[in-house]
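Since the structure of chain H is already known, use the hints to place chain R on it.
Each chain, letter by letter, is given below.
There are 2 protein chains.
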Amino acid sequence: MAKLVAMYGTPKDKAAFDRYYFATHVPLAKKIPKLRKYEVSQGVVSTPAGASNYHLVAVLDFASLADIQAAFASPEGQAAAGDIPNFADGGADLFFFETKEV
Amino acid sequence: MAKLVAMYGTPKDKAAFDRYYFATHVPLAKKIPKLRKYEVSQGVVSTPAGASNYHLVAVLDFASLADIQAAFASPEGQAAAGDIPNFADGGADLFFFETKEV
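Residue numbers (my numbering), protein chains in the order written: chain H, 1 to 102; chain R, 1 to 102.
For reference, chain H alone in the conformation it holds in the complex (with noise of 0.2 angstroms):
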């Protein structure tokens, strides 16, 4: 298994920042291929000191790196990524890594 994790920084209007994502850019990403299951925070995104300068965390489950990199590579990938700096005003740090259970 594999995980693309992105972590949007606190925007300017968090309020239109939600508008946006729920309504343009997770129709977008949806449509990435070979995405198994999209989660995304929902509240506040905490630290053990307290609120974190995070806005949203959104967790993509994918089978494999390879397929991380086909999505990222395809032109539905390519989409969803060139639409991030469209809400993203807070900034936006994405990893992936491949996973395994322990």
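Please keep in mind that the hints were generated in silico from the structure rather than gathered at the bench. Think of the CB as a built atom: it goes at the ideal place given N, C-alpha and C, for glycine as much as any other residue. The hints are all genuine.
Only pairs whose alpha carbons sit at most 27 angstroms apart, straight line, appear in this in silico DSSO-like list of lysine-lysine: (1) H:K100 / R:K37; (2) H:K37 / R:K34; (3) R:K34 / H:K100; (4) H:K30 / R:K37; (5) H:K14 / H:K31; (6) H:K14 / R:K100; (7) H:K14 / H:K37; (8) R:K31 / R:K100; (9) R:K14 / H:K100; (10) H:K100 / H:K37; (11) H:K12 / H:K30; (12) R:K100 / H:K34; (13) H:K30 / R:K100; (14) H:K100 / R:K12; (15) H:K100 / R:K31; (16) H:K100 / H:K31; (17) R:K100 / R:K37; (18) H:K37 / R:K30; (19) H:K100 / R:K100; (20) R:K100 / H:K12; (21) R:K30 / R:K12; (22) H:K100 / H:K30; (23) R:K14 / R:K37; (24) R:K100 / H:K37; (25) R:K37 / H:K34; (26) R:K30 / R:K14; (27) R:K31 / R:K14; (28) R:K100 / R:K34; (29) H:K37 / R:K37; (30) R:K100 / R:K30; (31) R:K30 / H:K100; (32) H:K31 / R:K100.
Okay, the calculated bits of chain H under chain R, using three or more residues with CB under 8 angstroms as the criterion: (33) 33-42; (34) 89-101.
Label pairs and their in silico Cβ distance ranges: (35) R:A16 / H:K100: 11 to 21 angstroms; (36) R:Q78 / H:A16: 36 to 46 angstroms; (37) H:S74 / R:Q78: 36 to 46 angstroms; (38) R:Q69 / H:V102: 21 to 31 angstroms; (39) R:Q42 / H:K37: 13 to 23 angstroms.
Just chain R now, with coordinates in the frame of chain H:
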């Protein structure tokens, strides 16, 4: 559902980190009450621009944010959290949040 994401910065000695993490920390963390699933990254934690500054990412699934809060407060959660300074000399960023599937 809810997730706890632990992101470990690159340690001084990666092999020593990995030995300790899998031999000592994972068994401690697996005792955390109501932990449903525990996945760890394998290999490089990448960003679209190349390798990240993180050596390992762990994603722990729980049924709810309340379960994560109870986990932190439990003796087993305290033991797992208290173990982090024993191996994470590259730092550890912990985030937790409620999730929904989209």
